[in-house]
Structure formats: C-alpha cells, structure tokens
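Assemble the whole structure, with the sequences as input and the hints as a guide.
Protein chains: 4
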Amino acid sequence: MAQGFKVRDPSLAGEGRMQIEWAERHMPVLMRLRSEMRGERPLRGVRVAACLHVTKETAVLVETLREWGAEVYLAPSNPLSTQDEVAAALAEAGIGVFAWRGMTPEEYNWALTTVAGREPDIVIDDGADLHVLLHEEMRSVGERVWGGTEETTTGVIRLRALEREGRLLYPVIAVNDALTKFMFDNRYGTGQSTVDGVLRATNILIAGKTVVVAGYGWVGRGIAARFRGMGARVVVTEVDPIRALEAAMDGFSVATMDEAASVGDVFITATGNINVIDSRHMEKMKDGAILANAGHFNVEINVKALEEMSVSKRRVRRYLDEYTLPDGRRLYLIGEGRLVNLVAAEGHPSEVMDMSFSNQALAVLKIARERGRLEKRVHRVERSQDEKVASLKLETMGIRIDRLTEEQRLYLQKWK
Amino acid sequence: MAQGFKVRDPSLAGEGRMQIEWAERHMPVLMRLRSEMRGERPLRGVRVAACLHVTKETAVLVETLREWGAEVYLAPSNPLSTQDEVAAALAEAGIGVFAWRGMTPEEYNWALTTVAGREPDIVIDDGADLHVLLHEEMRSVGERVWGGTEETTTGVIRLRALEREGRLLYPVIAVNDALTKFMFDNRYGTGQSTVDGVLRATNILIAGKTVVVAGYGWVGRGIAARFRGMGARVVVTEVDPIRALEAAMDGFSVATMDEAASVGDVFITATGNINVIDSRHMEKMKDGAILANAGHFNVEINVKALEEMSVSKRRVRRYLDEYTLPDGRRLYLIGEGRLVNLVAAEGHPSEVMDMSFSNQALAVLKIARERGRLEKRVHRVERSQDEKVASLKLETMGIRIDRLTEEQRLYLQKWK
Amino acid sequence: MAQGFKVRDPSLAGEGRMQIEWAERHMPVLMRLRSEMRGERPLRGVRVAACLHVTKETAVLVETLREWGAEVYLAPSNPLSTQDEVAAALAEAGIGVFAWRGMTPEEYNWALTTVAGREPDIVIDDGADLHVLLHEEMRSVGERVWGGTEETTTGVIRLRALEREGRLLYPVIAVNDALTKFMFDNRYGTGQSTVDGVLRATNILIAGKTVVVAGYGWVGRGIAARFRGMGARVVVTEVDPIRALEAAMDGFSVATMDEAASVGDVFITATGNINVIDSRHMEKMKDGAILANAGHFNVEINVKALEEMSVSKRRVRRYLDEYTLPDGRRLYLIGEGRLVNLVAAEGHPSEVMDMSFSNQALAVLKIARERGRLEKRVHRVERSQDEKVASLKLETMGIRIDRLTEEQRLYLQKWK
Amino acid sequence: MAQGFKVRDPSLAGEGRMQIEWAERHMPVLMRLRSEMRGERPLRGVRVAACLHVTKETAVLVETLREWGAEVYLAPSNPLSTQDEVAAALAEAGIGVFAWRGMTPEEYNWALTTVAGREPDIVIDDGADLHVLLHEEMRSVGERVWGGTEETTTGVIRLRALEREGRLLYPVIAVNDALTKFMFDNRYGTGQSTVDGVLRATNILIAGKTVVVAGYGWVGRGIAARFRGMGARVVVTEVDPIRALEAAMDGFSVATMDEAASVGDVFITATGNINVIDSRHMEKMKDGAILANAGHFNVEINVKALEEMSVSKRRVRRYLDEYTLPDGRRLYLIGEGRLVNLVAAEGHPSEVMDMSFSNQALAVLKIARERGRLEKRVHRVERSQDEKVASLKLETMGIRIDRLTEEQRLYLQKWK
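Residue numbers (UniProt numbering), protein chains in the order written: chain A, 1 to 416; chain B, 1 to 416; chain C, 1 to 416; chain D, 1 to 416.
The hints are simulated quantities; they were obtained by calculation from the structure and are not laboratory data.
By construction, the Cβ of each residue, glycine as well, lies at the ideal position given by its N, Cα and C atoms.
Any given hint might turn out to be false.
To be verified - Reference listing, derived: stretches of chain B covered by chain A, where coverage requires no fewer than 3 residues with Cβ under 8 Å from a Cβ of chain A:
#, segment
1, 9–23
2, 241–252
3, 264–278
4, 380–390
As the list claims (entries may be wrong) - If you want the footprint, here are the derived chain D segments under chain A, 3+ residues with CB under 8 Å:
#, segment
5, 19–25
6, 198–207
7, 349–356
Structure (structure tokens):
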C-alpha cells in the first residue's frame, strides 16, 4: 500500500512509538475494542480520512482503525499541535500522515486537500475544516463520502448550519455530544490539566491563594473543584443565574468580575465568550495577578487591551509574560491567553481521550455497517454506545456495577 | 368569606404562627414575590385548591396566594404529614384548611373532596391525587378548572399519562421540572436532611464509617457529597454505567451492592427502584449495620424480607428498629424504611422549599394571567421563570453576578 | 453489697438499659477491654468513686469497672446533664448512683459528698470538683486515695495548680491529654455534633450559607471542616497568627470578627475565651444571623450584652431565641449560648467516648496495679496506652495496619 | 570586595536574575524583612558562609543578608541541585558563590572547604555537612564561629548528637523546627509539588485512580489531601496506630501495604523509612502501577529489588522508567525513586521557602545580635519569631486577624 506521507523527521519514529505505547496503556477501552474486533477486520478496504491533532492518543485511534482493516490518511486539525515524533512513528507504521509542527497556512491547506484527495469513504474531523472542504471546494469527493464524525462543539455547530440549509452531503455523527465525552473531558480532563498548566507555568503555591474562575459550565466546575482541592479559595463569576446559584450552593464564593478583580491572585476563564477579563478588570487587579484562559479560544482575556495598557512586557518564565502597567503593577499572562492546559501542560490525559476516541471508533464502525442507511443529518451518539464505552471503562478500571433484576425492570416500567 | 375549615386544635394557632414566621425568614424569594405584587392583587377573586403537605413552608405559599387576592382551600397531600399547629394558624388566618395529622383514608378522601367541592379555578397538587379526583369522580368540576400545577415526579408521570390518552381537562404546569426545583432540592435539600435524619435517629459518629449510597442521581450525589463532607468513606452502587463512572471520577468507591454489603456501616438507598437492598445483601451485612431509605417510597429496602429473616425485633431508639438475625447479627432500620429525612429529620429546609414554592406561585400567576390561552397539556416551566427564581435567590443571598455586554451577546450569537 | 442509690424514677430502668446497650454497640474498644479482663477481675474489691455526666456512655464505663470487680459510686459532674433513665438502669444494676436531672446546688454537693464518703480507693473526675472536695473539706478521705484520673482540660489545670503548690494528695492521670482523646473528640466529635446541634435548633440549609467559625484549634478545625463539607463558605477568625495562616492554607477565608460580622449567616465560637462575639459585632450583623457557642463555657458570646441591646426576645423554636434589636434586625441565639452540641444535639457520639473512656478504664487499672508506686503528681497518659487504644479501635473497625520490619526498626534507630 | 567565585557560565546571569526576581515576588515576607532593615545594615561586616541548594529562593536569602551588610559565601548543599543561571547571577551580584550543577564529590568538598576557609562568623547549613566540616577537619575555624543555623531534620539530628557528646563548638538555631517551617512546607509545599511531579512525569488522569500514600505524617497528610482534591480514592498505610486512626477519621481508606499493593494505581512513599515498598508488594501490583517517593531519601522504594526482579527496563518518558517483570507486568518508577517533587517538578514553591528562609534570616540576625550570649547548644526557634513570620505572611496576603482584648487576656491568664 503506497500511501505516501510527509513528516518532519522520520528518524524520530522510535521515540514516537514509545509515546504511543504509553498512550495505549492509558487508553484501555480503545485497546479493548481494537483487540475484540481485530480478527473480524470490520473496516477491511474502507478508506478513512482523519483531521485530528497529531498526538499520541490520535495515533492509538488511527492505528486501531488500521488494525480493523482501514486505509487511513491523517491531516492535522491545527498547524501548531503536531507531535513530530508521533507523526514519524505513524508514517513508519504505514499511516498516510501529512503533518508537522509549525505548518504554514498553505501547508495546512495542502495537507487537508491531500487527504481529501484520497477519496475517503469515511471522514473524521475536529473542527469541521475537512468537512467544509468536502462540502465546498471538493464537493465531488464529498458526494461519495458514506459518512463522517465530528469531535468538537464548534464543528458540530458548523455542520448543523449546513444541515439547516439542506446542504449536508452525508450523515455525521456528533461524537462531541456523547455523554462519555463532554461530561468527562471537560470536567475531569480540563479541570486537572488547567491546574497542571498553571503549576508548570508559574510554580506558585496554590494553597492560600484566591483563584477566580469565570464560568461554571462543565469546564469551570472542573477547574473550581480542582483548585479548591489544592487548597485555594475559589471565587466563581457567571452570567447565568442558575449556574451561579449552583456554584454558591457548592460552597464557592460568587461575585461579579468587577468585584473579583481586586481580590484574585489567579484568574482562569472558561466561558466560551469574549473579553471576559477586560481592561476595566485588569485596572483593578493586584500587583502580581496571574491570568490564564481555559475556555475555547484565545479571546476570553482581552490580550490586546493588556498590551495597550502596558508600558513594558517581557517573558519571565517559559509560557509566562510579565506586563508592567503605568502605575507599576505587573500582571502575568500564561501562554499568550491561549488554552493554558494545551500550551503549558500536555492537554487531556490519555484516559480522557480514551473515551472520546472510543466513541470515534464506534461511530466509524457504525457508519461502515449502516452505509447508505443513515439519514443525511447530524446524528447524536446513541445511548447504547455511550453505555458501552462507560461499561468498558469501568471494566478496565476493575469496577463492577449492579444490574437491574427482572423485578426491578418491571417496577421501573410500571412506574415510569 | 365563610370558607370553613377543620383542624385538630385551633388553640395551637399561636405556636403555628411562630413556625410560619420562621419559615418566612428563610423563604425570601417567595416573600419578595409576595410583597412585590401585594398591591396589584393579581389573584383577586380567584379560587385556588391546594393539595400539599400542611407544613410551615406550605403556609407561606398559601398565604402568599391569599395576599394576592385568592380564596384558598387546602387539603393535605399525605394523611401523616400535617403539622397541626400550622393548620391551626392557617385556619385562624382564614385559609380553608381541612387537615390534621393521622387522618384515616376516609378522612383524607373527604378533605380532597371538600376542597374540590369549592369549585376551584386553579389546582395545586403534590402527587396528583386531587388532579385525578377532578378527572374522574368530580369531572364536572374539573371541566371548569383553568389550570393546575404539579410538584412531584410521580404526579407529572400520572398527568402525562392522562395527556397521552387525550383525557387532560386543563393545562398543567410541571413545577417539578423547574431547574430551580429538582437540581436544588434533591441535591442540597435531601443531601443535608438525610445526614440530619441519620444523626437524629442514631447519633453515630460518621467520621471513619463506610457509608454505602445506592444510586448516583441528583439525590444520591447530594447524599454521597454530604457524607463525605462529614468524614465517611463513601461507596456508591449504580445500575447505570455512565453515572457509575461519574461517581468513580468524583473519587468515590464504586461497587455492586453484593460487594458493598459486607463492608458498609450505613446503607442509604436513593434509586427510585424496588428491593435495592434485598435479603441476599442483608445476609452479608456486618453486625450493627444501619439501613435507611432516601428514595421515593418505602420500597427500596425489602423490609418484608428483613422481617421474615429476623428472630426478633425491637425499637431501640425513636425511629430506629433493631432486627436480630438467626446468627445473632443485628441490623438497624431507620423509620421503617420510609423517607429518612422526613421521618427522622424535618424534610427539606425552608430555603429549598423557597425556590420550589416560588415556582408554584409564579405558575399559579401564569395560569391566572393566561387563562384560556394555555394548551391543555403538561407544560414545562419556562427558562425565564427559572432564571427569575434563581436571580431573586441570589439577590436575597446578597450575591451579584455579571451580565453579558452587548459585544458578548453578539459574539455568542455569531458563535452559536 | 448494699451500696444505696438515689435516682429520679427507678421504673425508667428498662428504657435506660436499651440506651446503654446502644452505647455498648458503639463503644467496641471499651467492650473489648471489658471482656478481655473480665475473668481476671483486676479491680476486685477496689472502691471507685466517679464524678461524670450520667449518660449512656458513662454507664458503659462504670459497668466495665464493676465487671472487673470494683465497687462503683457515681455522682454527676453537672447538675443538668443526667439522663434519668440511664441512672435508673445503673441503680438497678447495682451501681451506687446518686444523680437526677435538675439537681439543686445543694443536692449536687450532697451527691459529691456521698460518693466521697464511701472512701474510694480510686477517683475518676470530670472537672475536678470531686478531687477538690477530697483535697479540702474531705481531706482525710483524700489522704487515703490511691490515685485519680481527670477527663477535662479545666480539671487538669486545677490539679496542676494543686501540684505546683505541693498540695496534691495522690497521683492523677490526665486522661484529657491522651492523644486518642483530645485529638479525636474535639475534632471529629465536636465537629459533627456542632453541625447536628445547629440543624436540630434551626433546620436551615447550610449549603450556600456563610459560616463564621471563631477559633482554629482542634474544635474550630473540626467545625470548619464539617460545615465546609455541608456546602458552606467558612470564614475563620483567630488571634494566633500561626493558626490563622494554617486556616488560610487549608482554603478557608480568614478575617477579623469585625470584618466577618457583617457577612456571616451563622457564627460559631470555639476559642475558650470570653466575649469573642461582643456587642460591637452584633451591631454589624445581618438581620437573621444565628449565633452558637461550641467552646468551653457560655462566656464566648456576650449574651448579657445581647439581652441589653434588644427591645424584645422570644423563643421561636426549641433551643432558639429571637432577639429583636432597636433597628428591627433580629438575631437568633441557640441554647442561650451554652454548648450547642450538648444543648441542641446529643453531645459526643458514643464512638468518641469509646476512646476517652477506654483511656479512663486503663488509667484506673494502672492506678490499681501500680498502687503506691506512682509519684504524687499529674501524670500524662503513656504513649503505649494511647497506642493500645488506637490499635484496638482500628481492629474493631476492621482495619489492619503495617508493622515495622526488623530492618526498618534498625534503620529508624540509626537515623533518629 | 574581591571575594572570588566559581560558577559554570557567568553569561547566564541575565536569565538567573529574571528567575530571582520571580522568586522575590513570591517571597514577600523575606523581602519585607529585607527592606525594613536595609537602612540599619545589622550585619555590617559579618561574614556568613551558607551551604544551601543554589536555587532562586536561596538567592533571595543570601542577597537579603548582603543587603543587611554581610559578606556572603555560598556552597551547594547537594552536588546535583545547583541552578547554574542563578549561580551566575549571584556571582555577578558579588556573592562568593562556588557552585555548578553536576559537581564531582571532590569538587563538592572543595566548595565546602573554600567557604569554610573564608572564616565565617555565622554558618547557615542544610544537612549539616558544613557544620560537621567545621567540627572536624576545620575545627580551628569552627572554634571562632559565633553561631549557626540548620534547615533540615537530618542536620538537626546530627547536631544534637554533637551536643549530646559535648562537642558542639557554637550555638545552632534549628530553623527546621519552626512551626512556620515544618508545618507548612511539608503539608502544603510537598503536598502540591508531589501531585505536580506525578503529573509532569506521567500525565495520567488522577480522577478515578486509587492512590496509595505510605505514611500519614505531615508530608503524607498533605499528599493524601491533594490527591483526594484531584479526584483520587486514597488509601493510607501507616505503622503508627494513632496516625492510622486519624487517617481513617479523615475519611481515607487505611490498609496494610500488602493489602493496598493489589489495588493501587499510584504509590507514593512518605515515611522516612526504608523499603516501605518492597519486592513482596511489587509482586502483587497491577500491571501499569506507578511508584514514586516523596519521603526523605531514595530508600523508601526498594529500587534494587525492582531492578533484580525485572527482565527489562527502559526509559519511557523523561523521569519515568518502565520495568518489565517476568510475568509481563510492567511497573513504572518516577525519578529512580528519588524525591518526586524535586526530580520531576520544581520542589517547594517560593511561597513556602519564603517562610523557611525568613526564619533563617531572623535566626542569623539573632546570632549576630546575641553574639557571645547564646549557649552552645541546639536552640529551638522562639515562639515570637514564628509568630512574627506568620504575622508578616498574613499581612502580605492581605489578611487581618483579631487581637485579644485586655479583658480576654486577663480571662485567659485566670483560666490557664
């Protein structure tokens, strides 16, 4: 199978392989699924194009698909996130990978076009760039695609827009909406990795600090819980009164950002909105305050305003910039306001991607099995798939749970 | 207005009034709504029949409706739960209350029939007994009802069944489904009052004990969090793998009830199902194990099996029965397996009922205002009502929250 | 043995016996010690006089001593704390008990004099009233006493004063200072029972409340941890900077009482000092604030000042008084400022007294065994006794722990 | 002042200076002390020799001493821990630093001898190597030393041995024993940095994992609390029954290491003893178990046994070695069993060293001021110094605390 590939340095393959093996150990659900269906080869001859962050966890997913018989092509979903050693290992293993860290926009587009040009039967995407390409410039390829999956909220929103306009060319399974994805990666994954990112970037003692968390959605909840767990006093800000009330009942202080600005030692945004920390807040902050973003994009902190307010700026630690304001106060911004857990830590632990990518793998299988029978719309992940992933996860953790007795099943039917 | 009433002892009114005043202090949202609309009298001349537990919190609700101009009739929703002193105070204040603790079934039915016989315009119910009466025996009255509300899950299920069969005579607002009700009373209210009930019934030291919580829904979550907060090691049992995984990620031990049976010191059921603790579990329990139910009915613990297994039984503390098994082990059952927080403690704190009953009051207002314009079906509480209740609650707690800026509002629109 | 007794109502013995049996179940260490040495009867013929709260847990202690062969006389350590049904059961069982609830000061003194008049060999005390009697009015009896024990901090301070003055007539073991007493009963016992007392007295929802805890000693730590565990935001006040810093590092807010006064919903004192909540604080408190004392005496809250500031006062719930201030604000005081966990709840759970009273029993044994060989001073509990109690407690909880290997023992010796 | 110095690369000074400035920001107590006494120059002309880890925090200490007028010489307390860029910055600033990372034993001895050769008046040590040198090989210098300080438990033990043998040449203040040192750095510093180290070394998801913590002293307590705070189930092992009981009452599972070995996902030692995790435990561990040491030396995990048991070994991540056992199970050891928080994270955060080194600075001042008046023994840090450090820390955190009123002071005197 001469699939071709393009990576930075093939000689990194050994190191990449070791990382992939470490990920495999912490992705037991996906590995279980892999081995259960290895003999069957349910994707024999299927061409899969994937547009995903080229990380060790993605490697475990695409190698699973390949062991199931698929021919896999991989482009990065972000020009900056590729781990070159993992790409090298995948190339060595026969995956058609076209990715290196620090691609230019042109190179990034070339990679997408290249994998789309392989005329995939199934398309996995993270952000919907590849789906959009197949609905616009490469529509003729898109028309022959059996179906696709989408990993992110943003991507699902874009695909739902296509659906509403009646332009969706193939069915898409919104893996993002699986309970075993969003309830777990946001709360437990981002919660932990945000603490991790703040520690690596600053090495401050969290105990005794006042940490302000903007937003009490799944991400904010995870972050608030973990910083409390490390000994911080946590102040939550919200715009939604129901979530704000929940935060208060969970024992957190709740305040406006204007109130919180003057008491916080560390500020973390997790709202999905713009300028949540704005110049008027920064004007009130204590000398030495640390700012980080754990939301969706680097828009939550108004970095532009901070730049303009400052009389000088310098990098004081890797990932940490010091801004000096005219009155002498200094504010510290982690990772230029980009996602703190990706920039300063290692993103989601493999265990979290295990559930997410098991859902991906099962969604791909479903598309292959039900080829031609799925409606051309955005599909939710079925409850049964979610339960399967959760059950396997529990099993690999050595946890057994109860089953309903027949009597109980009847009682519930009667009652509900 | 000669409404009539029937209570146990009118001379208890003074004591009842004091209790109502204590509840008023801890129901600031409802009191705020009461005073905001007192001048307007939006229910002038409206007849309201309510079937609710006759407690101090219910008193605050029905007196609010009366201050808004309504003529209010009150029957109990349970023959055992009436606080006679509160009933006396309500009677003295001119509410048409027909309730005393320990009614016979006949007396209970008489009370429902009596309030239904007042030909209400609006009907508030807790369990749907009054709604069902108005759809069956007293159908001619029911046909003239403008609309109703329902407080409980069970009641909503019964009403949805009527709706599906096309037999619903009037619109019903499912107050039970308000976020500001079920997300708060189950987790925070039942969580706390279950700890309270166990303490009052047993006075055991919780620190160092192993507490087994069956079910990790909202109720189970609240209970698990609170017992952990008191120093227990908590083991969660579940039948739903997704919830089980959540419990594990929240740091709890997760096991089957068969495994947990032999390690637990205290067992609390919160599943909504039958025989969750059954004879085979009781056979494995340690000498001295304590059993309590915080689920919906007294079916979660198989009390009948326990009775049959035991060679003797005696009451060792108020609300606590000791069962001696043939092998000499003794198991302790709180409150005969009925709801531990109602039997051995005081049920939901007023603060929790504040939100629930504010939703009731707003739902009644809506029915009155939109008389004739609401479809004859089961309606959800609108998001705006939920937000209003949450916002008032925050305000009365002295908490202020952020508002979206115009820029942020536009950003969200664009993005979502 | 015609020892004589005097109790309120001997017919309550059956009820008292049931309570004692419940205590026995939750005092497994003391019961284990009882049965281990029952055959040996190590106190055969020894006369023991005890001055202790006449509760079900005390009953387990004195009956243990009796089963070991002692002749036991019991007077109350507080005229208000006697459980009459327990006293009745003890009388029936042959303990020389002289106690009833609500003794006058004269009756209380009579009871002390009576048990002292039995010419005890060993004296157990809680507060040192009996010890002082034996050092002053009944000095001739005191001179023949083999030794004594003391349960409380206050008592130990009084005895150390006697020691310093060279007036101590017999050796005293300060059971109060056992690690397995003060580290456990203050933190875990008082922590839990204070939450319990506040709930029984008020039934407020703790989640979302701001609870101010004055003092961060063992008691304050326990209270702060437990209220946080129930969902409160906790503010700690302290005069000791090291403890204050610890509270801050443990994630609590730390403030002066002047600052905390205006934000607290509930205030709990645990300092061992006077007027910790004084009129100037009460002047700042929110309408509805609740005050409780969990410290040593009813001096921590300046109740006299509160009385004087108020225009009216009434009892709104059992154990709860409402004070109305001239500006209309109402403050609520639990149990007249006396110990909230004793007044409104049931004091320490039996599990906590288990360790305390096992130390008492072992101290009595030690005095009997080393009769005449102990110096006439205040003795600390030996580390080995503390370890024995802790080991037995772990064993009865089903917990096994590691032992040092020979290699490890040598390593530690070398290293330390 | 041509003091001389020897560092790896003077051109790193700029980078080192930036790190020192970051430390200064997070050591506000020491910086406050520095500036308060800068004018006074209380150490004018005093020669200080320090043997400390050459880190950014140490830089803040030695530069404080220099600003107070001292002539400072610095040798490393460990041949591996020097930060070369900090050493360069110190050299540039005129500190007589003789340190680079990776010194040979000969070079290390040379550095100690060099600073001792400067004939210091005051000696600061971390482990007592320099003190021992001054008591043995360089005794003539030692005889003229005014006094010294010691940072570590190990060092204090060595000095107490010298004291017992009557050989101590000068008074030593045991900074290690300051409450504001050991109660804070062990619990809060090591607690956090151990989590940090495990995350950097493995990037595993902690939520849902079972973490076994060996030892429940201050370090173990901190580690257990922090891992629980990150969502782990924590199992504690202990040899001391009192500590074990405390762990159980704090809600942790307590077990023997033999029991815990088969259930743990991660094992952390914090006992101060040898072979706490031994071959018989490793034989029972689950495939994939991760081992780390946070105790005093790299003896707690029997690494030698692990090496011998294994059929192969490879480094799978920086700081992480994979050992494959004959049965195919793989165990993962962090940092070769050395201190996980030093090897894989950055050791104590500056905030923790702030208190420790403020105590050092105050101890040095005390020696200078009371020159000739301190007894030649190991002195504890005075309570007043501890309180001063704590008070300043609170102040720099913006926290105010209460003061005893005159009435309260008198009440305490009377009572205690």
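Taking 8 Å as the C-beta cutoff, is the stated coverage of the segment 349–356 of chain D by chain A satisfied by three or more residues?
-> That given contact holds, which follows from 4 residues of the segment 349–356 of chain D lying within Cβ reach (below 8 Å) of chain A.
Okay, the segment 241–252 of chain B and chain A, do three or more residues pass the C-beta test at under 8 Å?
-> holds (count 7)
Between the segment 19–25 of chain D and chain A, see if three or more residues pass the 8 Å beta-carbon test, and mark the coverage as holds or violated.
-> holds (count 4)
With a C-beta cutoff of 8 Å, work out whether three or more residues of the segment 198–207 of chain D approach chain A closely enough for the coverage to hold.
-> holds (count 7)
According to a criterion of three or more residues whose C-beta lies within less than 8 Å of a C-beta of chain A, is the segment 9–23 of chain B covered?
-> violated (count 0)
Given coverage of the segment 380–390 of chain B by chain A, checked by CB-CB distance under 8 Å (3 or more) | It holds, with 3 qualifying residues against the three required.
Coverage claim, chain A over the segment 264–278 of chain B, checked by counting residues with Cβ within 8 Å (three needed) = Holds: 5 residues of the segment 264–278 of chain B have a Cβ under 8 Å from chain A.
Hint compliance for this structure: hint 1 is the single one not met.
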